[in-house]
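A.B. asks: Using the sequences plus the hints, can you model the full thing?
Same order as they appear, the protein sequences are chains H and G.
Going by the working numbering, the first residue of the first sequence is number 1, and it counts up by one from there.
Going by the working numbering, the first residue of the second sequence is number 230, and it counts up by one from there.
Do not rely on the hints blindly, as some may be mistaken.
Unchecked claim - Cβ-Cβ distance ranges computed for the label pairs, FRET-style:
{"#": "1", "chain 1": "H", "residue 1": "120", "chain 2": "G", "residue 2": "604", "range": "38 to 44 angstroms"}
{"#": "2", "chain 1": "H", "residue 1": "9", "chain 2": "G", "residue 2": "605", "range": "21 to 27 angstroms"}
{"#": "3", "chain 1": "G", "residue 1": "447", "chain 2": "H", "residue 2": "216", "range": "53 to 59 angstroms"}
{"#": "4", "chain 1": "H", "residue 1": "20", "chain 2": "G", "residue 2": "594", "range": "36 to 42 angstroms"}
{"#": "5", "chain 1": "G", "residue 1": "342", "chain 2": "H", "residue 2": "94", "range": "34 to 40 angstroms"}
{"#": "6", "chain 1": "G", "residue 1": "266", "chain 2": "H", "residue 2": "188", "range": "36 to 42 angstroms"}
Bear in mind the hints are in silico, worked out from the structure with no lab data behind them.
Even for Gly, the Cβ is constructed at its ideal location relative to N, Cα and C.
The lines below spell out each chain.
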Amino acid sequence: MSHCIICHDPMFPQLSWRDLFTPSIPEPICEKCASTLRPIDHNRICTTCSRPLAEKSYACHDCITWSKHPTYSTTLDQNRALYSYNDSLKALIKRFKYDRDYAIASCFSKKMNEVIKIMPSYDILTPIPLNEQRLRDRSFNQSEALLIEANLPYELLLTRTDDTTTRQAKKSKRDRHTTENPFETAHHLATKSILLIDDLYTTGTTIRHAAYTLKQAGAAKVSSVTVGR
Amino acid sequence: MQTVVTSLNCPPFSNELRTLLTGKQLLQDEVLTKFPQQVIDTHHQNGYLIYEPSIIIEKHTTRCMRCHNTQNSLFAKHHCARCQKICTYCRNCINMGKASSCSSIVKWMGPQKPRYSIPTQPVLIWTGILSKPQQHASQKLVQAIQTKTSTLVHAVCGAGKTEMLFEAIAYALTSQQRICIATPRRDVVKELYPRLQQAFATTKIEALYGGSDQRNDEAQLTIATTHQLYRYRHAFDVMIIDEVDAFPFSADDTLMQAAENARTPDSTRIFVTATPNKGMMQSVKKGELQYIHITARYHGHPLPEPTTKWIGNWKKTLDRKRLPCSFQKWLEPRIKNQRPILIFMPDIESMHKIESILQSKSTTTKLASVHAQDPDRTHKVQQMRNSEIQLLLTTTILERGVTFSKVEVAVFAAEKTIFTESALVQIAGRAGRDQHHPTGDVTFFHFGHTKAIIKARQHIQRMNREAKKGGWLKGDNQ
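C.D. replies: In structure tokens, the structure reads:
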């Protein structure tokens with residue numbers, strides 16, 4: 001008998017005749033927990049950042065602002081997200097990152113694989129890194145954990161050297177827009193296309209900073225997939 | 230166990246660190262939020278504190294040494310960036326900090342803290358008058374602490390349990406004992422704290438629950454949710470557990486273990502509840518627990534006895550956007566007469582259905598619904614208390630601990646398994662708690678009687694009968 005990764009309740013999978021021949025992969029979370037998450041409908045989003053909208057649109061208000069940015073205007077090709085950011089996802093990400101409950105990463109594995117399949121072809125998958133101090137405090141990098149649990153091969157291309165005093169989540173929108181790019185890379189990525197993985201797309205600053213660094217190193221195209229938008 | 234080192238020829242130690250660690254089993258990470266690594270290291274070198282592993286991996290079982298979880302599905306592992314190895318961690322108590330293979334439990338081994346000084350007189354400032362049954366229980370509880378006898382207080386809803394405990398707490402405080410009042414419900418902690426701080430104004434008291442800001446390591450009296458007890462070891466001389474049969478305490482063995490672990494071996498245990506479970510009553514029969522039974526409310530009026538009404542296949546009725554006939558008949562005059570109404574629902578889905586039906590029927594009635602994950606829960610309950618809301622729909626989360634004056638209570642779909650005997654008894658206990666309005670209607674609307682419904686009614690009738698026999702009801706004396 002398996003247990004739901006989120007609420008720990010026992011789960012009884014519905015068996016069908018098909019399972020006799022091709023055993024199905026058990027769901028990591030129960031139906032009740034799954035129903036609290038809102039999967040993003042990829043036909044009704046901003047096609048740049050994946051923000052859920054009433055209808056498909058080329059760029060939302062924020063993305064138009066980004067497109068006028070002197071340095072970061074064309075860094076990110078597109079972002080896709082698994083779920084829209086609601087209270088349940090917020091609580092789940094809090095448990096994952098701040099309570100450091102690593103096992104939560106596997107809740108997203110199936111959906112992560114599905115969304116990566118609909119992305120344009122890429123050469124390398126890479127997670128957004130943490131700086132050394134934060135990595136030691138947290139004991140794992142949540143973006144890397146998402147990739148490991150989803151069984152996806154990846155390379156660590158980026159390093160991060162920002163200050164550790166304030167978490168990104170504690171910063172205001174303005175602070176985030178004006179912070180310096182904390183990412184560096186020692187790789188040469190001539191004409192490679194890269195797919196970045198992160199837990200959340202909030203203002204898009206982190207992703208664009210990372211994308212900028214990758215492009216400086218020669219990358220042809222940078223897209224991203226995040227759990228929440 | 231702990232050795233007492235005499236102060237001469239010994240390196241100095243931090244008194245605050247000792248206060249923090251006395252009676253506790255904190256994770257290294259938790260200590261690090263208050264003291265720098267260097268301070269912890271020097272105390273460790275001087276032998277004042279020791280590290281113990283928080284996770285023990287044996288041949289077939291893994292054990293969390295903090296919450297005593299041994300269920301394999303509640304452990305997980307990952308590559309750890311701190312120790313560069315695969316670390317196992319406990320998922321059962323992770324909301325209290327992460328106990329993992331590379332994080333230790335820190336325990337104080339240095340000179341023991343001196344005993345608590347007796348709080349300044351008067352220890353107990355409370356001018357209320359106890360009812361006869363309360364007085365009886367109060368005396369028994371003082372004796373229980375004197376003789377260290379474990380006791381079960383079985384008192385009906387609205388008996389005035391907190392006031393019964395006052396004398397006993399005062400006695401324990403003056404005899405320099407450390408006391409804990411634990412309860413599975415954080416609402417109860419929040420409600421008890423100001424009441425106890427007022428009654429025991431000269432005592433240092435702390436209230437512990439997730440997100441509490443009333444922590445005080447020097448407190449002699451601790452009010453805490455049962456989860457907080459994972460952090461304690463051999464700390465309390467008196468362990469009072471309120472609502473001992475409530476969720477999640479009753480359903481989670483690790484919480485029971487935590488409560489056992491948090492008290493000193495020769496401490497006094499006091500369990501308080503209106504609906505003791507079978508296990509508790511068996512302990513009473515075996516003579517392991519002293520039994521105090523209070524069958525009358527503090528105001529001396531009998532408990533409102535619930536009536537039952539058939540509502541048929543209510544699911545179908547709701548899907549047709551209608552209310553069951555008998556339910557509507559019950560509801561309408563009460564809405565008209567402006568009585569506050571509390572309706573218990575079996576699940577959130579049907580609660581929202583009824584809510585929208587009621588809203589479409591009457592736009593003037595102020596109503597709201599609450600459930601466990603509702604972020605506005607506290608606010609809505611307060612609005613109901615202030616009569617800003619007339620009708621409150623709720624899941625079983627409000628079955629205990631809430632008092633609304635003059636309230637009328639209905640249980641919708643009382644046949645559902647979530648409404649156990651004890652849940653129904655607790656729910657019925659919401660009505661008639663105010664001494665100026667000691668009556669109130671309680672109706673169970675059902676689609677077929679269940680054992681729980683019948684037993685709950687019998688339970689309440691029995692309590693009233695016994696209270697009458699004991700001469701504790703008001704009408705008997707006059």
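A.B. asks: Take the hints in turn and mark each one as holding or not.
C.D. replies: Verification of the supplied hints:
1. H:120 to G:604: 38 to 44 angstroms: holds, 39 angstroms
2. H:9 to G:605: 21 to 27 angstroms: Distance hint for residue 9 of chain H, residue 605 of chain G holds at roughly 25 angstroms.
3. G:447 to H:216: 53 to 59 angstroms: Between residue 447 of chain G and residue 216 of chain H, where Cβ atoms are some 56 angstroms apart, the hint holds.
4. H:20 to G:594: 36 to 42 angstroms: violated, 55 angstroms
5. G:342 to H:94: 34 to 40 angstroms: 36 angstroms Cβ-Cβ, so the 34 to 40 angstroms window holds.
6. G:266 to H:188: 36 to 42 angstroms: holds, 40 angstroms
Hint 4 from the earlier list is the only one contradicted by this structure; the remaining hints agree with it.
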